[in-house]
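Enquirer: Going down the list, the sequences are from chains B and D.
FYI, in our numbering the residues of the first sequence are 1 to 435.
FYI, in our numbering the residues of the second sequence are 1 to 645.
Everything labelled a hint here was simulated from the structure, so no lab data went into it.
We treat Cβ as the ideally placed atom computed from N, Cα and C, and that holds for glycine.
A few of these clues could be false.
Across the chosen pairs, the derived CB separations fall in these ranges [stated by the list, open to error]:
{"#": "1", "chain 1": "D", "residue 1": "336", "chain 2": "B", "residue 2": "343", "range": "58 to 66 Å"}
{"#": "2", "chain 1": "D", "residue 1": "474", "chain 2": "B", "residue 2": "335", "range": "43 to 51 Å"}
{"#": "3", "chain 1": "D", "residue 1": "77", "chain 2": "B", "residue 2": "396", "range": "32 to 40 Å"}
{"#": "4", "chain 1": "B", "residue 1": "311", "chain 2": "D", "residue 2": "73", "range": "24 to 32 Å"}
{"#": "5", "chain 1": "D", "residue 1": "476", "chain 2": "B", "residue 2": "311", "range": "49 to 57 Å"}
{"#": "6", "chain 1": "B", "residue 1": "343", "chain 2": "D", "residue 2": "18", "range": "38 to 46 Å"}
{"#": "7", "chain 1": "D", "residue 1": "337", "chain 2": "B", "residue 2": "231", "range": "55 to 63 Å"}
{"#": "8", "chain 1": "B", "residue 1": "311", "chain 2": "D", "residue 2": "132", "range": "45 to 53 Å"}
{"#": "9", "chain 1": "D", "residue 1": "196", "chain 2": "B", "residue 2": "345", "range": "49 to 57 Å"}
{"#": "10", "chain 1": "D", "residue 1": "59", "chain 2": "B", "residue 2": "231", "range": "35 to 43 Å"}
{"#": "11", "chain 1": "D", "residue 1": "317", "chain 2": "B", "residue 2": "282", "range": "56 to 64 Å"}
{"#": "12", "chain 1": "D", "residue 1": "59", "chain 2": "B", "residue 2": "211", "range": "48 to 56 Å"}
{"#": "13", "chain 1": "D", "residue 1": "343", "chain 2": "B", "residue 2": "313", "range": "33 to 41 Å"}
25 Å max Cα-Cα, derived DSS-like pairs, lysine-lysine [to be verified]:
{"#": "14", "chain 1": "B", "residue 1": "39", "chain 2": "B", "residue 2": "343"}
{"#": "15", "chain 1": "D", "residue 1": "473", "chain 2": "B", "residue 2": "343"}
{"#": "16", "chain 1": "D", "residue 1": "2", "chain 2": "B", "residue 2": "318"}
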Amino acid sequence: MPNIEKKSFDALVVGGGIAGVESAINIANNGLKVLLVEKDLTIGGKMIMLSKVFPTLDCSACITTPKISEVDRHPNVTIMTNTEVLHIDKQDKHYFKAQIKEKARYVDVSNCTGCQLCEDACPVVVPDQYQYGMVGRKAAYIPFNIASPRVASIDIENCSLCGACEKACPTQCIDFTQEDKEYEIVVKSVVIATGFNLFDPLKIPRYSYGSAKNVITSMEMERHLAPTRPYNHVLRPGDGKMPDNIAYVLCTGSRDMTVGNPICSQICCMYSIKQAQLLMGALPMADVTIYYINIRSFGKGFEEFYEQAKGMGINFVKGKIGQIDELENGDLKVRYEDINQGKLVESKHDLVVLSVGAMANEDPKTMFKADTWKQDEFAFAQQKDLFYTPSLSSIDGVFLAGTTSGPMDIPDTILSSGAASMEAIRYIKQAKVEI
Amino acid sequence: MKQKIGVYICHCGGNISDYVDVDKVKDVLAKEDGVYVSKTTIFACADSNQKEMVADIKANELDAVVVASCSPKLHQITFQAVTERAGLNKYNYVHANIREQVSWPHSDNKIGATEKAIQIVRSSVAKVRLSQAIEPIEIDTQQAVLVLGAGIAGMKAAISLAKMGTQVYLAEREHFIGGRIAHWDVLCGTEETGKELVTRLYTDVIANKNITLYTGAEMVSSGGSKGNFNVQLKLKPRYVADVCDDKENIKKAIEVCPVEVPDEFNFGITKRKAIYHNFPSEYPQAAVINMDDCTRCGECEKVCDKIDLSQKEETVEVKVGSVLVATGFDSYTPGEGEFGYQAIDNVITLSQYKRLLAISNGELKWNGKKIENVAYIYCVGSRQVEGENKYCSRYCCTATINTALRSNDKFKNLNHFHFTRGMRTYGKQEVFYHEASKQGHVFFQSYGDDPTKVENKNGKTIVKINDILTNRKELEVEADLVVLVTGMVPRAHNTIGDILKIPKGRDKFYNEIHMKLRPVETVIDGVTIAGACQGPKNIVESINSALSASIKSYSFVSSDKLSVEPIVAKIDENLCQYCDACTTACPFDAISKVKSGSKDVALINHTVCKGCGMCLPVCPTNAIQLITFSDDEVENMINVLANEL
Ligand SMILES: Cc1cc2nc3c(=O)[nH]c(=O)nc-3n(C[C@H](O)[C@H](O)[C@H](O)COP(=O)(O)OP(=O)(O)OC[C@H]3O[C@@H](n4cnc5c(N)ncnc54)[C@H](O)[C@@H]3O)c2cc1C
Ligand code: SF4
């Protein structure tokens with residue numbers, strides 16, 4: 001881990017998704033020092049895990065990596081992964097003290113070459129969280145091929161302490177004596193880019209997620225379709241069969257008062273249409289049906305993308321799914337109200353994808369002193385002056401980038417990050433206190 | 001001649017290697033003349049791989065590099081930087097595209113794709129063999145930015161740039177600032193009115209010494225490029241003294257003016273004089289005379305001595321390092337008879353309706369008739385099945401719902417009927433839709449190919465729909481007022497785009513370089529775009545894009561020097577016989593005639609030349625070479641490709 005000798009920075013960016021990365025680059029390009037803190041083992045957030053992105057169908061990994069490598073080698077940016085922000089306290093008008101905890105990886109990162117020999121040697125296999133449990137990984141592992149940093153880490157909870165990795169490592173960088181380290185740092189401003197959480201479909205038992213094997217989430221489908229996909233094919237998890245009749249359930253957990261979330265997640269219509277188009281390419285014989293309430297293809301080139309999907313033969317059915325039941329052969333019986341026909345209808349599919357919504361990540365609430373960090377009624381960060389400067393949080397000097405303040409797609413996330421970094425730079429430049 | 005060339009062939013995680021036998025490409029290339037290292041990699045662009053490449057280049061003391069991967073648009077810069085970090089000059093790098101040009105289009109033919117990939121990579125090696133180390137050109141920059149358009153996006157950008165210490169020229173074509181937002185009452189999601197928001201921004205603009213505001217200012221020409229633009233602005237006179245504190249007499253002047261024309265500020269639902277204000281306390285707070293309307297009767301001059309009909313148009317020149325374009329959008333104008341527009345007298349646009357609500361008091365009336373049933377017809381000019389505008393205008397669903405909800409604050413007893421194409425109140429805006437449904441607004445949805453109809457039946461205005469939501473029932477509403485929810489279209493008056501040569505997308509809005517990686521930059525270096533001129537946006541989205549654009553514009557002017565690509569055309573004076581063919585061919589006016597000894601020759605201004613190559617083919621004596629694309633380099637590439645045929 002970078003040894004943070006210099007413990008003061010101009011900006012602390014919390015969260016290393018595309019919003020955090022974009023903000024860090026913008027701020028650092030202006031000669032300011034940035035500390036980027038990510039709680040996961042790698043930066044890149046959700047974007048680095050996606051397949052292709054709407055509406056251009058660029059390969060997501062390919063457009064994320066230039067940003068990742070730019071931030072990684074930026075002389076003004078220090079990156080700490082596997083690190084938690086414990087609290088951030090506003091000190092004076094113009095600076096903050098933050099307590100951060102770097103969790104032990106049990107690997108000396110500066111010496112790890114990412115050769116993966118430890119991974120080969122490790123005898124413990126557990127489900128791979130980065131592939132949503134579709135395949136296994138070792139207890140000594142590199143998150144995925146394009147992780148940054150691409151270094152090993154020991155999952156100590158699952159580790160059997162057999163020592164095989166230690167023996168296999170050619171650079172002797174495995175170190176079981178490592179401990180979590182806490183640092184206190186001083187910064188002039190903070191950018192919160194902690195992103196969003198995916199809606200947990202277990203909250204809608206009617207949809208049988210978790211019990212029916214062939215009901216998956218859209219994020220799992222992203223992994224099936226990504227260039228770094230686990231099976232190199234789209235296979236249904238229940239029995240490894242290639243699906244040929246796939247259904248999408250839009251608004252899963254969004255626009256749904258029964259789960260307490262009235263708002264629209266604004267990305268799921270589009271990513272579902274994207275996945276449907278990719279599926280038509282991967283499985284040319286398959287039927288794809290999208291069940292929707294309204295299709296919200298509102299951004300630049302989105303409506304055209306939707307029209308293109310219709311032209312490709314993707315079936316759009318206006319209706320909200322009420323119930324999904326598993327049949328004996330693993331197929332799924334889907335019950336819905338078909339608005340066009342004005343009646344309740346049943347249909348059968350062999351794979352159902354739940355287009356789960358974007359929910360607030362409430363982590364920042366725990367970082368700041370009680371009552372200073374304000375949230376809106378949907379638990380997203382409150383935007384203090386929505387129209388004048390959307391990136392202003394309830395705390396002076398703390399700025400909001402990306403989906404911290406509400407659901408948005410990547411283009412909007414980039415713009416919001418540009419705005420947050422411009423405001424942060426202005427704030428830092430105005431800060432009179434030298435720290 | 002480079003002798004130690006490194007070739008790296010990327011799998012692109014399957015994007016390439018699923019269709020191209022990358023190992024075969026690697027093996028063939030390993031035998032190529034001058035190739036010292038030939039390798040494959042899963043993701044060449046991954047940070048870990050970049051580090052390995054740097055180490056590899058150093059360890060093998062390579063003198064040139066080729067990476068065969070995706071489009072150079074995506075990663076040429078990435079690998080040029082890798083080469084530089086390894087101690088080489090970045091122009092000793094050549095990029096081979098075997099994804100967009102090979103694996104994707106030839107996914108049905110693996111053998112053929114592999115052959116083609118081999119050819120493309122070999123030709124890149126042929127080019128890199130002749131590559132030379134060259135240095136970027138350094139130019140002096142003007143540390144100032146010109147912001148075009150003083151709507152919310154332009155003002156926000158100007159303010160944030162000025163706060164960074166940058167000199168900003170803010171040029172607004174109209175006589176009043178504020179753009180579209182100045183028209184609106186309470187904005188969606190706050191208690192603030194459009195005018196209040198504009199006031200806050202304007203106050204900041206005026207208070208900042210770094211901002212020079214021009215109103216009535218139109219860009220007429222622009223020369224130069226990134227770092228050094230020379231822009232001419234034509235300033236239309238107001239015909240009223242600039243500092244006019246004589247409010248009473250101006251009022252009298254307006255009273256006595258005999259000319260009446262439709263008032264644009266209220267979208268023609270009211271009249272104004274030839275001398276007029278936008279609205280009480282507009283900005284700047286100074287009346288203006290529109291000379292197209294004025295009959296020069298001189299009545300106003302008689303009552304107010306601040307009026308000066310002799311004012312003349314002026315031109316100012318500003319020198320800036322970057323131009324930020326924030327010229328906004330036009331509202332779609334429905335065709336005659338489109339949903340009854342201009343054919344039926346109680347059919348108006350959303351803009352007109354919003355102004356009507358703002359200026360009406362007591363009862364809401366149209367043409368003297370009390371309004372109770374309001375029918376809103378959505379997607380007028382957007383998502384067209386027949387017309388050209390295929391896109392969704394994004395702001396309008398929410399704007400209409402908000403207008404409808406707010407109208408009840410002022411006027412009770414209004415019934416709202418929404419004839420939609422499927423509501424798109426995305427994100428948190430969904431709650432307004434929810435609220436409207438709760439309050440009893442009625443929503444219908446039409447089929448894409450079966451639009452809502454507006455008809456006049458015995459003096460009554462009837463809106464008819466085959467409604468999706470009720471199983472294609474034909475439903476009718478008798479409306480007292482029909483509001484056409486018109487979308488956003490690109491500005492019809494678009495000299496700026498033509499002068500700056502900003503490319504447009506399919507939807508005719510200005511196009512960004514890359515929607516995700518570089519959303520506010522244009523292919524014209526130094527020119528950035530913000531707000532709705534790039535595509536429909538609401539206020540928050542416009543402000544975010546304005547701040548993003550200002551950060552990019554700032555990067556062009558933050559230092560007094562800027563380095564530019566040395567890929568420029570070069571004249572061989574011995575061969576040149578100045579015929580002026582190149583001067584005419586150059587789209588950037590980079591070529592001029594100079595004396596060299598006794599003869600005239602062409603001279604290329606390297607800070608203006610974009611390396612587009614237009615001058616090369618027209619030169620009769622072949623006196624022009626493009627650096628990094630010399631005849632030798634290109635012929636070498638062609639030879640490799642042609643010899644195989
Ligand atoms: C299935 C799916 C498909 C999608 N497809 C597309 C698409 O095709 N095109 C498109 O434009 N958009 C798409 N999106 C939307 C896209 O994922 C988001 O717009 C984008 O990821 C938002 O970026 P972010 O940085 O704000 O959030 P995130 O990607 O969520 O990043 C947040 C980061 O912060 C870290 N973090 C969280 N909490 C903390 C903490 N307390 N301390 C430190 N770090 C923390 C997280 O680990 C993560 O790295 C898709 C989304 C989904 C779910
Ligand atoms: S974007 Fe589409 S799927 Fe997602 S919540 Fe909104 S309407 Fe539903």
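Enquirer: Evaluate each hint against the coordinates.
Expert: Right, here's what the structure says about each hint:
For residue 336 of chain D paired with residue 343 of chain B, a C-beta distance near 42 Å fails the hint of 58 to 66 Å. At about 29 Å, the beta-carbon gap between residue 474 of chain D and residue 335 of chain B misses the expected band of 43 to 51 Å. Take residue 77 of chain D and residue 396 of chain B: their Cβ atoms lie about 37 Å apart, and the range 32 to 40 Å holds. A beta carbon spacing of about 27 Å between residue 311 of chain B and residue 73 of chain D agrees with the range 24 to 32 Å that was offered as a hint.
Checked against the hint of 49 to 57 Å, the C-beta distance between residue 476 of chain D and residue 311 of chain B comes to roughly 33 Å, which is inconsistent with it. Against the hinted window of 38 to 46 Å, the Cβ-Cβ separation of residue 343 of chain B and residue 18 of chain D comes to about 44 Å, which satisfies the hint. A beta carbon spacing of about 57 Å between residue 337 of chain D and residue 231 of chain B agrees with the range 55 to 63 Å that was offered as a hint. Separated by about 49 Å at the C-beta atoms, residue 311 of chain B and residue 132 of chain D satisfy the suggested range of 45 to 53 Å.
At about 50 Å, the CB distance of residue 196 of chain D to residue 345 of chain B agrees with the hint of 49 to 57 Å. Restraint check, residue 59 of chain D to residue 231 of chain B: a C-beta distance of roughly 36 Å satisfies the suggested window 35 to 43 Å. Separated by about 57 Å at the C-beta atoms, residue 317 of chain D and residue 282 of chain B satisfy the suggested range of 56 to 64 Å. Take residue 59 of chain D and residue 211 of chain B: their Cβ atoms lie about 55 Å apart, and the range 48 to 56 Å holds.
For residue 343 of chain D and residue 313 of chain B, the hinted distance range of 33 to 41 Å is satisfied, since their beta carbons lie about 39 Å from each other. At most 25 Å may separate the alpha-carbon atoms for a hinted pair to count; residue 39 of chain B and residue 343 of chain B exceed this at roughly 48 Å. A hinted pair counts as satisfied when its Cα atoms are at most 25 Å apart, and residue 473 of chain D with residue 343 of chain B qualifies at roughly 14 Å. A distance of roughly 62 Å separates the Cα atoms of residue 2 of chain D and residue 318 of chain B; the hinted pair therefore is violated under the 25 Å criterion.
Violated hints, in rising order: 1, 2, 5, 14 and 16; the structure is consistent with all others.
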